[in-house]
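Protein chains: 2
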Amino acid sequence: MEHVVDFLPVVGKHADTSMTSVIVVEDDRLLRQSLARLIGEARSYRCLGTFTTAEEALEKVPGLRPDVVVMDINLPKMSGIDCTRQLKLAHPEIGVLMLTVYDDSERIFEALRVGASGYLLKRSVATEILQAIQDVKEGGAPMSSQVARKVVASFRVAAKADAENATLSERETEILAHLSKGYSNKEISERMCISLSTVRTHLRHIYEKLHVRSRAEAIVRFRH
Amino acid sequence: MEHVVDFLPVVGKHADTSMTSVIVVEDDRLLRQSLARLIGEARSYRCLGTFTTAEEALEKVPGLRPDVVVMDINLPKMSGIDCTRQLKLAHPEIGVLMLTVYDDSERIFEALRVGASGYLLKRSVATEILQAIQDVKEGGAPMSSQVARKVVASFRVAAKADAENATLSERETEILAHLSKGYSNKEISERMCISLSTVRTHLRHIYEKLHVRSRAEAIVRFRH
DNA sequence: GCATAATTCGTCCTTTTGGACGATTGGAAA
DNA sequence: TTTCCAATCGTCCAAAAGGACGAATTATGC
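Chains as they are written, first to last, in the working numbering: chain A, 5 to 228; chain B, 5 to 228.
Hints listed in this document are in silico derivations from the structure and should not be mistaken for laboratory results.
Mixed in with the good hints there might be a few duds.
It does not matter which identical chain is meant; a pair holds if it fits inside one copy or across any two.
Dumping the calculated DSBU-like pairs for lysine-lysine here, alpha-carbon to alpha-carbon at most 30 Å [said to hold, decoys possible]:
id	residue 1	residue 2
1	LYS141	LYS185
2	LYS213	LYS126
3	LYS213	LYS185
4	LYS190	LYS213
5	LYS185	LYS64
6	LYS126	LYS190
7	LYS185	LYS81
8	LYS81	LYS141
9	LYS126	LYS185
Only a predicted model underlies this, so the values are computations on that prediction, with no experimental measurement involved.
All chains, please: the whole structure from these sequences, using the hints.
Right under this line is the structure:
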């Protein structure tokens, strides 16, 4: 960790509920330092620390318990999106604000999908940045109106996808039942008298609908 | 299928409860034919058919619903033991009598462990064979007194092994808990801070103790 | 009749899992 | 003290599973 402002309350900046504690994860040194300085110097904001990689952040952020993590969407090795996914899995209470240099809808969507609360363009001015952090802490979702519109549109898709969750088709339901008895794909194909390929196609559809990535997860989901 | 006696009742040999229907799975042509003839000609026995491979037997035996399958322990490709395991999994009501040329304790134990009811030495005489088949149909377990003694001894081991089922070690229990949440080996290794190798070693031990062969089966077992 | 979904089968490729081993360390029991 | 077991890590190999596709046929709803 390059820059730790402090771990104990500082005179005139008590760690009470009015303080917003922030972590910055950004590999570019200039941007990282200017963000840390901006946050550290602002009234009622504290920068608990900064990290340059997703891996380091994942390891140390949970112990620091920040209100908000400002995360570069584009980090070396593990991306900020993957980092956000893992962080939110373990600590859903921590708000994540994505940092991106340009209006990359695809990656912003992906980030929001894995749990980010909003995003900031790197060219944003100081007041916007602090306001966005505050919004995230208070449960808001700062984003541009263009992106907000796209997000609303994507929610329709998501809602549709979720409706399909409940409606596994007949064959898919049969296969899920076999899965949950512990049978292998080969055993299922034999019992249902269909090819292995077909079993696997059904499985892929089941995984998509249930939002899982393995038979183990599907079994768990099936058995509540 | 080489030899199908009949699928419909034959005059003087009605398929009532007093009839014992048998399937023979044996790759040696001479032995297969002589067994089929012996069974077919005996009063109150019917040979529903014979197969030369485990694979063929697995496919067609369920449709024939025999009382007893006489299974060579030593078949080409898939062994009679593996065939018995699969057959008993799907159709526990079908009795299986293993055929072996010599008193191979290890393999006979294995066969009994996977669900065979008893065994026959190939040198057995006709009356012994028919009596053994009848015993199996009636829920008995025909075996030589020497083997019976060993089986009793092995039950002590098995009882010990089963006691160990309940006593998964601490780490094994932790891993099983993670399994049953749908985590992959990699995720488990990260969450428990141990290497992938160690997770897999624990898993192998868990599978041995629970008598399962996949994580899906282990999850099902864990969740009753 | 046309769009949509379900069902079926396939290929190519990568990752994961499982089986069969060996080996080390540390602690507990005989 | 010796022996056993739990826990740890590893290698080599084979089988299973999964992802990303395409594609054909048969319903089914609008």
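Here is how each hint holds up against the structure:
| no. | hint | verdict |
| --- | --- | --- |
| 1 | LYS141 x LYS185 | between (42 Å within a copy, 28 Å between copies) |
| 2 | LYS213 x LYS126 | neither (33 Å within a copy, 54 Å between copies) |
| 3 | LYS213 x LYS185 | both (20 Å within a copy, 18 Å between copies) |
| 4 | LYS190 x LYS213 | both (22 Å within a copy, 24 Å between copies) |
| 5 | LYS185 x LYS64 | between (37 Å within a copy, 23 Å between copies) |
| 6 | LYS126 x LYS190 | neither (49 Å within a copy, 33 Å between copies) |
| 7 | LYS185 x LYS81 | between (37 Å within a copy, 27 Å between copies) |
| 8 | LYS81 x LYS141 | within (28 Å within a copy, 64 Å between copies) |
| 9 | LYS126 x LYS185 | neither (49 Å within a copy, 37 Å between copies) |
When the structure is compared with the earlier hints, violations turn up for hints 2, 6, 9 and for no others.
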